[in-house]
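> Below, each chain spelled out in residue letters.
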Amino acid sequence: MSWVSKTLNSTLGRKVLMALTGLFLILFLVVHLAGNLQLLIPDGGEAFNKYAATMANNPFIKVVSIGNFAFILLHVIYSIILSRHNKKSRPVGYSITKASSNSTWASRNMGILGTLLLIFILVHLKGFYYEVKFGSIPMTSYEGVEFKDVFAIVSAAYSNVLYVAFYVLSMGFLAFHLSHGFASAFQTLGLNHVKYSPLIRKVGLVFSILIPALFALIPLVMFFQN
Amino acid sequence: MNLTLKIWRQKNNTDKGGFKEYKITDISEDMSFLEMLDVLNEQLSTKGEDPVHFDHDCREGICGMCSLYINGNPHGPQQTTTCQLHMRSFKDGDTISIEPWRAKAFPVLKDLVVDRSSFDRIIQAGGYVSVNTGGVPDANEIPIPKSIADLAMDAAQCIGCGACVAACKNASAMLFTSAKISQLALLPQGQVERKIRAENMVAQMDAEGFGACTNTGACEAECPKGISITNIARMNREYFSAVLSSDTV
Chain A
1 MSWVSKTLNS
11 TLGRKVLMAL
21 TGLFLILFLV
31 VHLAGNLQLL
41 IPDGGEAFNK
51 YAATMANNPF
61 IKVVSIGNFA
71 FILLHVIYSI
81 ILSRHNKKSR
91 PVGYSITKAS
101 SNSTWASRNM
111 GILGTLLLIF
121 ILVHLKGFYY
131 EVKFGSIPMT
141 SYEGVEFKDV
151 FAIVSAAYSN
161 VLYVAFYVLS
171 MGFLAFHLSH
181 GFASAFQTLG
191 LNHVKYSPLI
201 RKVGLVFSIL
211 IPALFALIPL
221 VMFFQN
Chain B
1 MNLTLKIWRQ
11 KNNTDKGGFK
21 EYKITDISED
31 MSFLEMLDVL
41 NEQLSTKGED
51 PVHFDHDCRE
61 GICGMCSLYI
71 NGNPHGPQQT
81 TTCQLHMRSF
91 KDGDTISIEP
101 WRAKAFPVLK
111 DLVVDRSSFD
121 RIIQAGGYVS
131 VNTGGVPDAN
141 EIPIPKSIAD
151 LAMDAAQCIG
161 CGACVAACKN
171 ASAMLFTSAK
181 ISQLALLPQG
191 QVERKIRAEN
201 MVAQMDAEGF
211 GACTNTGACE
221 AECPKGISIT
231 NIARMNREYF
241 SAVLSSDTV
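In order, the protein sequence lines correspond to chains A and B.
Letter by letter, the first sequence follows residues 1 to 226 of the UniProt record's numbering.
Letter by letter, the second sequence follows residues 1 to 249 of the UniProt record's numbering.
Rather than coming from a laboratory, the hints here were simulated on the basis of the structure.
Treat the hints with caution; some may be incorrect.
[Claimed, not checked] Heads up, simulated DSS-like pairs for lysine-lysine below, C-alpha to C-alpha not over 25 Å straight-line: (1) A:Lys88 - A:Lys98; (2) A:Lys98 - A:Lys87; (3) B:Lys110 - A:Lys87; (4) A:Lys87 - B:Lys16; (5) B:Lys6 - B:Lys104; (6) A:Lys98 - B:Lys146; (7) A:Lys50 - A:Lys98; (8) B:Lys6 - A:Lys98; (9) A:Lys88 - B:Lys104; (10) B:Lys104 - A:Lys6; (11) B:Lys23 - A:Lys98; (12) B:Lys104 - B:Lys47; (13) A:Lys195 - B:Lys6; (14) A:Lys88 - B:Lys110; (15) A:Lys88 - B:Lys11; (16) A:Lys87 - B:Lys104; (17) B:Lys20 - A:Lys98; (18) A:Lys98 - B:Lys91; (19) A:Lys88 - B:Lys16.
[Said to hold, decoys possible] Restraint-style ranges between C-beta atoms, simulated for each label pair: (20) B:Val39 - A:Leu73: 55 to 63 Å; (21) A:Leu27 - B:Glu29: 53 to 61 Å; (22) B:Ser89 - A:Leu27: 43 to 51 Å; (23) A:Phe166 - B:Ser117: 37 to 45 Å; (24) A:Gly111 - B:Asp247: 53 to 61 Å; (25) A:Gly93 - B:Lys91: 51 to 59 Å; (26) A:Val30 - B:Tyr128: 45 to 53 Å; (27) A:Leu210 - B:Asn140: 48 to 56 Å; (28) B:Glu60 - A:Ile112: 39 to 47 Å; (29) B:Val39 - A:Leu210: 55 to 63 Å; (30) B:Pro77 - A:Thr54: 29 to 37 Å; (31) B:Val131 - A:Leu118: 45 to 53 Å; (32) B:Val131 - A:Asn9: 43 to 51 Å.
Beta carbons: idealized from backbone N, C-alpha and C, even for Gly.
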């Protein structure tokens, strides 16, 4: 085994891959949210549709989106590898554990939260990404130029109470996942410092509440506007 | 105090084992937890039964020999070693569950005794200084700031009891290994073997079958010596700067 694969297969190496991919996905959330917030502009979806077209045609975004899929996949694959390894590390469990006395619920259930988020991502991709890319989608035109009416698809989805509930609930899972994941990624990367760690924890907490809340706000607002 | 004890009994490494209940009466709340078990064992011996096997040595909280997973926490409800845990931490009529450390790398030998030699092998992989550092140096002869020496001392407080592994949901030994790597990485004497130490000790930790870290912080919360998880972050830095820059291919 070369030193590279040896390092990446060590428990530390696998954790660093989790941290790096996780941090990328955190960054992606911000960009994605910035795009989504345009759904709330009261212009019948013009700004959002134009934005969607720019994203779909920009070669740089295309590369990043492939990277994004790859990182989601890596994050999932390594979480499975690590969870299996961790399970094997304690073949006989305890009859009583008071885990809540020494750690937070989210930190112990990242796997469950992650699985729920994966289900959300798959449903989300099928509903929006797949439809926009490969499905038949209504067109609309602004100043004589044709655009895919992505806004119409989103608006239709967000008029379904079940979908909105599923979305909001999933953002709750995201909040818990981030509440541990954000600061945890920095710790794994070795960034633990008296000056910066308290700040990282605070930013992580604000991030984990604010970002999912804003994501959840969009379908809620659109549902009640409909 | 009158108590009900639910104790894990296991004949040997291959035995399946199971819980057995014991009633124990007239326990003084000033007894240590281990003294309470001594009383139980005396009673069992008198009756001709096999006493409960458990690890203990100094009974001063400094050797790291005592273990026991008591009522769902390593070393019981207080952040201390089991020998320093007193019966006043419990109430009359309590049922106390006592289990061995549970980890693949800590196989049960008998009852509550586990084999922690995996920790020894991690130390053997590099947790020492093999270069000649000479005799006891004069005070302030070695150029090291007090704050750094303090950090090294904090890490060196680890007594290798294994509570971190027992507490961790992944049975990870990262708090132990990181404390051992840190105490030497921080000191001038540890610099010569700094890289190879980090690489070898992490490799041995993995080879022993310990889990990975999820940063739950349970280890730090349960450590009787208050070893901080900042050591784990330091180990990660040490390990990656070592693999990226060492000559080991």
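> Against this structure, judge whether each hint is valid.
To see whether the hints hold, each was checked on the structure:
1. A:Lys88 - A:Lys98: Satisfied, since the Cα-Cα distance of roughly 21 Å is no more than 25 Å.
2. A:Lys98 - A:Lys87: Holds, because 18 Å separates the two Cα atoms, which is no more than 25 Å.
3. B:Lys110 - A:Lys87: holds, 23 Å
4. A:Lys87 - B:Lys16: Since the Cα atoms of Lys87 (chain A) and Lys16 (chain B) sit roughly 19 Å apart, the hinted pair holds (cutoff 25 Å).
5. B:Lys6 - B:Lys104: holds, 23 Å
6. A:Lys98 - B:Lys146: violated, 38 Å
7. A:Lys50 - A:Lys98: Violated: Lys50 (chain A) and Lys98 (chain A) sit about 53 Å apart, past 25 Å.
8. B:Lys6 - A:Lys98: holds, 16 Å
9. A:Lys88 - B:Lys104: holds, 7 Å
10. B:Lys104 - A:Lys6: holds, 22 Å
11. B:Lys23 - A:Lys98: holds, 23 Å
12. B:Lys104 - B:Lys47: violated, 34 Å
13. A:Lys195 - B:Lys6: The given pair, whose Cα atoms are some 46 Å apart, is violated under the 25 Å limit.
14. A:Lys88 - B:Lys110: Measuring from Cα to Cα gives roughly 21 Å; hence the hint holds.
15. A:Lys88 - B:Lys11: holds, 23 Å
16. A:Lys87 - B:Lys104: The hint holds at about 10 Å.
17. B:Lys20 - A:Lys98: Judged against 25 Å, a Cα distance of about 21 Å means the pair holds.
18. A:Lys98 - B:Lys91: Holds, at about 18 Å.
19. A:Lys88 - B:Lys16: Holds, at about 17 Å.
20. B:Val39 - A:Leu73: 55 to 63 Å: Because 58 Å falls inside the window, the suggested range holds.
21. A:Leu27 - B:Glu29: 53 to 61 Å: holds, 55 Å
22. B:Ser89 - A:Leu27: 43 to 51 Å: At roughly 47 Å between Cβ atoms, Leu27 (chain A) and Ser89 (chain B) fall inside 43 to 51 Å, so the hint holds.
23. A:Phe166 - B:Ser117: 37 to 45 Å: violated, 51 Å
24. A:Gly111 - B:Asp247: 53 to 61 Å: With a Cβ separation near 38 Å, Gly111 (chain A) and Asp247 (chain B) fall outside 53 to 61 Å, so the hint is violated.
25. A:Gly93 - B:Lys91: 51 to 59 Å: violated, 27 Å
26. A:Val30 - B:Tyr128: 45 to 53 Å: The hinted range 45 to 53 Å holds for Val30 (chain A) and Tyr128 (chain B), with Cβ atoms some 47 Å apart.
27. A:Leu210 - B:Asn140: 48 to 56 Å: holds, 51 Å
28. B:Glu60 - A:Ile112: 39 to 47 Å: About 42 Å separates the Cβ atoms of Glu60 (chain B) and Ile112 (chain A), which means 39 to 47 Å holds.
29. B:Val39 - A:Leu210: 55 to 63 Å: For Leu210 (chain A) against Val39 (chain B), whose Cβ atoms are near 57 Å apart, the range 55 to 63 Å holds.
30. B:Pro77 - A:Thr54: 29 to 37 Å: violated, 59 Å
31. B:Val131 - A:Leu118: 45 to 53 Å: Holds - the Cβ-Cβ distance for Val131 (chain B) and Leu118 (chain A), about 50 Å, lies within 45 to 53 Å.
32. B:Val131 - A:Asn9: 43 to 51 Å: Hint violated: Cβ distance 31 Å, outside 43 to 51 Å.
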